[in-house]
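Visitor: Listed below are the residues making up each chain.
Protein chains: 2
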Amino acid sequence: MTATTPERSPHIALWWEDLALGEVRALGSVTPTAEEMVAFASQFDPQPFHLDPDAARDSVFGGLCASGWHTCALAMRLMVTNFLSQTSSLGSPGLESLKWLKPVFPGDTLRLQHSIVEKRPMAKRPDVGLVRAVWEMFNQHDQKVLHMEGYGMFRRRTPGTEPVSGM
Amino acid sequence: MTATTPERSPHIALWWEDLALGEVRALGSVTPTAEEMVAFASQFDPQPFHLDPDAARDSVFGGLCASGWHTCALAMRLMVTNFLSQTSSLGSPGLESLKWLKPVFPGDTLRLQHSIVEKRPMAKRPDVGLVRAVWEMFNQHDQKVLHMEGYGMFRRRTPGTEPVSGM
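Here the protein sequences line up with chains X and Y, keeping their order. Start counting the first sequence at 5; every next residue gets the next number (the working numbering). Start counting the second sequence at 5; every next residue gets the next number (the working numbering).
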């Protein structure tokens, strides 16, 4: 794990200590095309409404739309490029909520918002802290299309000495 | 939504009525390569431990591993090919749990298991039923690497007339 120790990580601008409860970050936007949606779905989610405009028109969605997993992957790309790559992130154990609230159509512009809703030391590792965040993606009509919530692990600049319980 | 009405859907073998509480299905397996992991991560999750074997060796994961979103997408592909494509599936509102339990390394063989843990009519739509399922992916060492749980919506062969409350 030496790759993320201070002396070898000049790119780390934000450690666990620097992430503040209540902070809300705008993490950029992305505008997926129909071709990108079909390419993703062909590989990972080949359902008719993600592949074929004619079949999609007759579906519950009313038109060709992105695989929900494609939307998640696009959110992750914005997270990495505009946030995680500047931090001491060590990954995530998972999500406690993932909601696909609206279909994403070709040409929709999706912006990602990241809000820190909880922050605490990690019980088992004094060199790591946890941050619970809400990720929300909104389209150009300000409709929320994606809601995710879960913990991320971040290395601490200074390992803690406080006793903590739980995860 | 005519695409999934009975008369126009000869491919539908399984309607909501046919999905039984407690059923466990083996939905095939997949063996992602390092090249596929790097290709996915380059597009959607460009963190060093998903892109660069040298950086990955020094990371918390100990070696190049798949983006968690890649693992989810691979599970979805098995779901669609080996299950959803034969059903009256209408999509999913999301997941209530998503856990990345172990890293997935190049050449790991991942098998997907799908278990139906709840089944009920949908309050607002008598033509649709809900199924709550657990998706579990195990590697060749029978270690669980991915756990997901959430609802899917399936069209009913025969719309219901029972009064239901809730979602």
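Simulated from the structure, these hints should not be mistaken for lab results. Mixed in with the good hints, there may be bad ones.
Same chains, same label: a pair holds when it works inside one copy or across any pair of copies.
What the hints assert, rightly or not - Calculated cross-link-like contacts (lysine-lysine; reagent style DSSO-like; alpha-carbon spacing at most 27 Å):
1. Lys128 to Lys103
2. Lys123 to Lys103
3. Lys148 to Lys106
4. Lys123 to Lys106
5. Lys148 to Lys103
6. Lys128 to Lys148
7. Lys106 to Lys128
Small disclaimer: the values here were computed from a predicted structure and weren't measured.
Visitor: Which numbered hints turn out to be false for this structure?
Guide: Those not satisfied: there are none.
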